[in-house]
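Chains as they are written, first to last, in our numbering: chain G, 26 to 375; chain B, 26 to 375; chain U, 26 to 375; chain R, 26 to 375.
It is worth saying that the hints were derived from the structure and are not from the lab. Please read all numbers here as calculations on a predicted model, not as lab measurements. Any given hint could be a false lead.
Since the list gives no way to pick one copy over another, a pair counts as held whenever it fits inside one copy or between any two copies.
Said to hold, decoys possible - Once the Cα atoms are required to be at most 25 Å apart in a straight line, the calculated SDA-like pairs of lysine to any residue come out as:
1. K323 - G290
2. K323 - R176
3. K323 - N294
4. K323 - Q67
5. K323 - E121
6. K323 - P191
7. K323 - E222
8. K323 - L61
9. K323 - A335
10. K323 - H137
11. K323 - S235
12. K323 - V287
Protein chains: 4
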Amino acid sequence: MSSNTFGRYLRLTTFGESHGPAVGAVLDGLPPRLNLDLTGVQRELDRRRPGASSVASARREPDRVQVLSGLFDGQTTGAPLCLVIASEDARPADYEPLRELLRPGHADATYHQKYGIRDWRGGGRASGRETAARVAAGAVARQLLAPLGVRVVGQVIELAGVVADPDPDVAPESPVRCGDPEAAARMEAAIEQARAEGDSVGGVVQVIASGVPAGWGDPVFGKLDALLAGALMSIGAVKGVEVGDGFALARMMGSEANDALVPGGFATNRAGGVLGGISTGQDLVLRCAVKPTPSIRKTQTTVDTSGQPATISAQGRHDPCIAPRLVPVAEAMTCLVLADAWLAQRALVG
Amino acid sequence: MSSNTFGRYLRLTTFGESHGPAVGAVLDGLPPRLNLDLTGVQRELDRRRPGASSVASARREPDRVQVLSGLFDGQTTGAPLCLVIASEDARPADYEPLRELLRPGHADATYHQKYGIRDWRGGGRASGRETAARVAAGAVARQLLAPLGVRVVGQVIELAGVVADPDPDVAPESPVRCGDPEAAARMEAAIEQARAEGDSVGGVVQVIASGVPAGWGDPVFGKLDALLAGALMSIGAVKGVEVGDGFALARMMGSEANDALVPGGFATNRAGGVLGGISTGQDLVLRCAVKPTPSIRKTQTTVDTSGQPATISAQGRHDPCIAPRLVPVAEAMTCLVLADAWLAQRALVG
Amino acid sequence: MSSNTFGRYLRLTTFGESHGPAVGAVLDGLPPRLNLDLTGVQRELDRRRPGASSVASARREPDRVQVLSGLFDGQTTGAPLCLVIASEDARPADYEPLRELLRPGHADATYHQKYGIRDWRGGGRASGRETAARVAAGAVARQLLAPLGVRVVGQVIELAGVVADPDPDVAPESPVRCGDPEAAARMEAAIEQARAEGDSVGGVVQVIASGVPAGWGDPVFGKLDALLAGALMSIGAVKGVEVGDGFALARMMGSEANDALVPGGFATNRAGGVLGGISTGQDLVLRCAVKPTPSIRKTQTTVDTSGQPATISAQGRHDPCIAPRLVPVAEAMTCLVLADAWLAQRALVG
Amino acid sequence: MSSNTFGRYLRLTTFGESHGPAVGAVLDGLPPRLNLDLTGVQRELDRRRPGASSVASARREPDRVQVLSGLFDGQTTGAPLCLVIASEDARPADYEPLRELLRPGHADATYHQKYGIRDWRGGGRASGRETAARVAAGAVARQLLAPLGVRVVGQVIELAGVVADPDPDVAPESPVRCGDPEAAARMEAAIEQARAEGDSVGGVVQVIASGVPAGWGDPVFGKLDALLAGALMSIGAVKGVEVGDGFALARMMGSEANDALVPGGFATNRAGGVLGGISTGQDLVLRCAVKPTPSIRKTQTTVDTSGQPATISAQGRHDPCIAPRLVPVAEAMTCLVLADAWLAQRALVG
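Please construct the entire structure, taking both the sequences and the accompanying hints into account.
What follows is the structure, given as structure tokens:
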């Protein structure tokens, strides 16, 4: 219903615009007596924030999380947890020249058409800054999942055509969030080249959730992979989502695509840890396609708000590739879906 | 919340098992005074039903739709519309040999783990038969959209590795639901070969919605493409979803990926008709990866319900490729999401 | 969202019109492996159905419940349970004279204004017949609650001004559903007198839920009493709802109204078993005001659908007092709310 | 689902504890381009805040509303509006003596049982301070309704047994929020006497919504009066809700209770402006029973958190009667339900 609310049992409502006073998250349905580690929440925000690495935007936001409600003596109380992240380096004036211009690849035109009003200061609600609230809430969901043995690790597995072959379970430390050092180096080079050309590049982010017990997720419309696909596709730049072997499965024979059952589990995991929308107990494997950053320095053809032809060249502080910063966001969405599925299963079978 | 309910403003609840007495749909939130054409609903069911073509399963279900509520003098009344499709060719006894066997690639193992009880008669709730209810409801949604000029056409664009290049706007008449006759012939041959080998094949289904006005869809979690991705991924055999150029966008430069704005619209449509989660007014372009039918005659390794090794060879009536029959299902889900988005936009701006 | 769907964790969707082919209920979120006693469901329907007693309408409906889905070997499977009750004694022609007349006290005028179309056959969706679906679903919820020790008993405690003082925990067998035999006799007489005069009377129905553990219900908008009040007020003829001492509390001093805490519980139960929206472990005490049946034989002033003055005299088969038949409906809604609260608490704390 | 979220189309999520840093509201689904008058929002908060009159608590909160998101150039944008009200006069230390005591009539015992943790600083989430967020959001809903001609006016019509007969349409200025000056004076005296005795009193609040067009509200579970009853019963101290003549209708004959239809409307309004859950176009008439403030200076019997007998005497800053301060809260909830119903009707019929 609410497009700014996510989840069924664990429900996240977010608010805030790119250059408004703050973005924030209200997380409801949290079990009580969770010892919330705010340092852990901050760590996830630090992974997402701009200016965190040489390959990201130069906007300098400390992105400090502040708790407005729901915590007492360090524990959740069952009341909604409100987390707020104030904007400190907002520079709406930077966007003044773009006031009348609709940026290609952005939501400027569609917001204008939908609402008849548009907060032109850096994209307003459509800005990637909105994802800070998701990351903060996802970090809380991660802390719900950790004691159950569930671990969610994402990384960039492809960027600007450079395909990596990383250890899927190791959270990468590299600026491009890729655990294959050789590929990571080439990815960084590709980003720098795109920056030099005033252009941008895309990539593929993979998220693996290990330790998910069999039996999470629901049939028909509430399939675990359907919820995850919707969750990942709701991240700004994502244009495709795969589960397990994904599109490659469409090219296999059934005898090849089926994962044989063996005592205690499965021989393979082409299905990506989900059958009939319910977790199998194997690793959940997700991938999403991330389009290149639409804001580029190269001159592009566009129109202004009155429909007249114009050209545009982005001068702001933009990432030449958003994929690395999308890693913690995709992880956060995965954590939120999984924590929700856990509560759903508790409601169903106790 | 309910995993058997879909939608926000136009809400579909489905029920029914593969070999139970009926499957059905309750559609709520329908605007009143729609002249419902039941022949049109039946036509969509006929496109989906088994036994409809030489390449599909031999189960013979007439799939006649019956209206239990919500219609008066041929018009919707604002009350929930209940459509029921009785099962006539259910043969639960066919599944007796599989009572203790968990079929690879099916939801048998996961339902067993989740619920501790499993309706083993042909997959129960996890059966593809559940989609008949979606198709019936989607046909109603299609009739809501038609007067607005919205048209939803799907087809198979790839099958068993055969890539087609069809006219995207023409609903294909071929048994494989592919509008490129030369490719369609090769696809049929591939299906027959798989059948002969006791194996199965997968494919890619594309759905294009034309005539969607700019401004449908919502920001953040309610993005039009997020809802569509979740909707399509909720169809049994779907393992991947793309919007517009999808995964190919991850390999482009920003200057190539952005659709330039021109007076009156856009120069290209790489984004697939959606920016920031809101429709642009261009064609909505969706694709989904369909895995091969898991039930195959070839002997497979599996376990029984007590975890002991076993082998299995499907003897039932199964499609060697589910992709053609998935076309009306994918269209139905698209129609449901779009009709819902239309009502959402009416609520928001009148 | 859906006005025909009720509940959060245990979700009931109902459909059907008074003189359509059937009314039905889809109940989703049911825990698996409940041995469903269909005889118990039928027994509740029998308590509600017309023609069951000398004081009720003469419409003769057997109201046989039929299961379309969600049951396997007598157990719930986790799939949605669809219960259908076919209409056998529908006589839409009886309503032909009322086609153009708007009945006072009924929803005729408001449906006409809201939808621009109205199923005039006996009230259509606004008919009390809709409550058969609630009763069937409530009987299932009751079976979820029974093993937890929760028992829900309703009765008429006031009718036509006759105030009863019944044992609150004993389900009354009398036709007027009142456990105080002396008052029940006077109530029956009052109903017969109203019938003789071509008029109707109202009453007050009380529902007591015993055995509800402390801790069910949620703060703020999800208060247990708020959900119960909404649930009871959603029953057609109900115009007021009280919890515990209700309106009488507004006339007490705080020192009198507060229930003192004593070791192991409370000294009194003026609050009606709920504090801050959460159950106290005491009996939940609810009362609802039931207006007189609006359809009466006495001539009334009204207008026709074109707004012209007219008179009306109901000739159909109507109860002169709906309160006794409302008892199982109020119990059903209470059971649905409580079962939902139980699942909610399981989601929250396991 | 979320117990801290209210509404279907216009959705309010609230957060915050009595003595935490702030309470707040996130309002989603707001139509864009509403010129929001923040002065009007503040005015409603001023009506609710403690310390506003001689008959209310001495806690001195300026209750200044701050906008964190959703507003641009003074207009709503379609993005969620986040309103925050910081706590300035929080004195958690005042509650230190009550740390181990469970206050009669409060939610202390039930929160303790439900969550196993309790924010004892003034009731935490269960405090009446939570209603500040409702009032702020309701003031926004009121501004949506005003251009449609809808006006919502509440007042105290009974207090400590003093029954008033005020002009229902005039918002009262008196400290007790009662528009009948003679009765208001006696109510004030009753409150002062209760304060002197260390006790408290209750009352009845009436809310009338005029200008509501016919056709708002939905059938079955989404009846306008069902939503309103749930909304009002969700306010802390409310223990009963009536619509129209409410419980008095249970004592009338049908011929007396029915509102005759006359050309252009109805002869009377016993139904309180709603039939079959849908507005009739007449005044919506609601009343709620407000229990006496549970915190009183008089010594009461209770137990401590370990279940041992104890006595308690409230020393904090408490209203001897909460009914006057409840008026703006009841109005706010009514405005929220009505604005939601308006959007629902737009979704349904455009």
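Verification of the supplied hints:
no., hint, result
1, K323 - G290, "between (52 Å within a copy, 21 Å between copies)"
2, K323 - R176, "neither (40 Å within a copy, 37 Å between copies)"
3, K323 - N294, "between (43 Å within a copy, 20 Å between copies)"
4, K323 - Q67, "neither (35 Å within a copy, 47 Å between copies)"
5, K323 - E121, "within (19 Å within a copy, 63 Å between copies)"
6, K323 - P191, "neither (33 Å within a copy, 35 Å between copies)"
7, K323 - E222, "within (8 Å within a copy, 54 Å between copies)"
8, K323 - L61, "neither (45 Å within a copy, 39 Å between copies)"
9, K323 - A335, "within (14 Å within a copy, 61 Å between copies)"
10, K323 - H137, "within (24 Å within a copy, 56 Å between copies)"
11, K323 - S235, "neither (42 Å within a copy, 31 Å between copies)"
12, K323 - V287, "between (55 Å within a copy, 17 Å between copies)"
Comparing the model with each earlier hint shows violations of hints 2, 4, 6, 8, 11; every other hint is respected.
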